[in-house]
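**Q** Following the hints, position chain B against chain A.
The lines below spell out each chain.
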Amino acid sequence: MNAIPVLTIEDVATLDGVLGDFLKKTEAELTIVIDRGGNVISQCGDMDVMDVTVIAALAAGSFAATRELARRIGEVEFNALYHQGNGNHMFMNSVDDDTIMITVFGSRTTVGLVRFYSGTTAQNVANVLKTLRSNTHGFSFDAKDISAAPVFVEPQSALQK
Amino acid sequence: MSIINYASREIQFKIVYYGPALCGKTTNLNYIHQRINPLNRGDLVSLATATERTLFFDFLPLNAVVIKGFVTKFQLYTVPGQVIYNATRQLVLRSVDGVVFVADSQWEKMEENVESWKNLCDNLQLQNMNIEDTPCVLEYNKRDLPNIAPVNYMEYVMNNRKKRLQSFEVISSTGQNVFAALNAVSQILLHKFSKQSEAPQGAPLPVAIPVEPPHSTQRLPA
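Sequences listed follow chains A and B, in order. Here the first sequence is numbered in my numbering, starting from 2 and rising by one per residue. Here the second sequence is numbered in my numbering, starting from -10 and rising by one per residue.
Source of the hints: derived by calculation from the structure; they are not laboratory data.
PhoX-like mimics (lysine-lysine), calculated; alpha carbons at most 25 Å apart, straight line: (1) Lys107(B) / Lys152(B); (2) Lys145(A) / Lys152(B); (3) Lys145(A) / Lys57(B); (4) Lys107(B) / Lys151(B).
Which chain B residues stay away from chain A? Per the calculated CB distances, all over 10 Å, these: (5) Pro135; (6) Ile137; (7) Asn149.
Just so you know, even glycine gets a beta-carbon here, dropped at the ideal spot from N, CA and C.
Next comes chain A alone, as it looks inside the complex (with noise of 0.2 Å):
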């Protein structure tokens, strides 16, 4: 298995300036960086209003899951999925073979716009994520850094059933 991929801070700022740099152009509300496996890489915008791990953990599903429609129509894969809502709406496109890119926007865009910047959004995200990749240096922790207590408490009540 390789080692841990590592966000270093410096990653963060710049995948940070990319998707920040796409929602100004866009005025979309969020945007998430997954891979898809469904872990969050990096976010941006209005986070308070939605839980974004479990957003990503249903967005990997859900690009997943139409792999296999995309198959029966001679596609490897959709490249972007596109869900409308009333007031909000997302957009999903694929940034490599590992990660996805999401967007959240309401009524002040358009799916067009949104569209249309996502493409070179995703490959400069991809350009970062390549870089970073191809680092070899990596976060480290010893087995003594690991508490021998439990990871999980259970509270005592249940314990005693």
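**A** Same frame as chain A, but now just chain B:
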């Protein structure tokens, strides 16, 4: 695959509950969600049919221990157990860091347990992983039912290999040993990543575990 974010000081890990249909995977997550401190967990998301069979997956995000100033975030998933949903299982397994295999202890479920285990191994293989290198524990669930196989039989059927896994006698409906299994897989996973950062390239990755005596089954109290 886990990700470390220096800006938010987080490490993310993904644990998948795997096993045959109706073995109690979702019940495990429900129990954890009910019992764990609400400050350390997010919403339990369940994509199920009207009859509560898992259609896509269940998902529960948890915050756990702090390592060197980094909060570890665990994302727990279940897979749909029904045989026909193998494509869904493959996608939920993507980037998995640890597995809790939930086996149904009832005699008539043995074949399904073995099939599901083989399916897990095959699906890991598809993403160039193998079960020997993946942090994994076994749950022998439904130990409160009358028609169950003895633990040594379960061990023979499910854990008969050179490097045996930790196994737990579990009653997921009451929560017996649910946290023990989760803690065990989490510890194996953390130790694996700690060794991984130390190990020279090409060195075998250790999967040993310090929480409970290795190769032993956690018995229920008499």
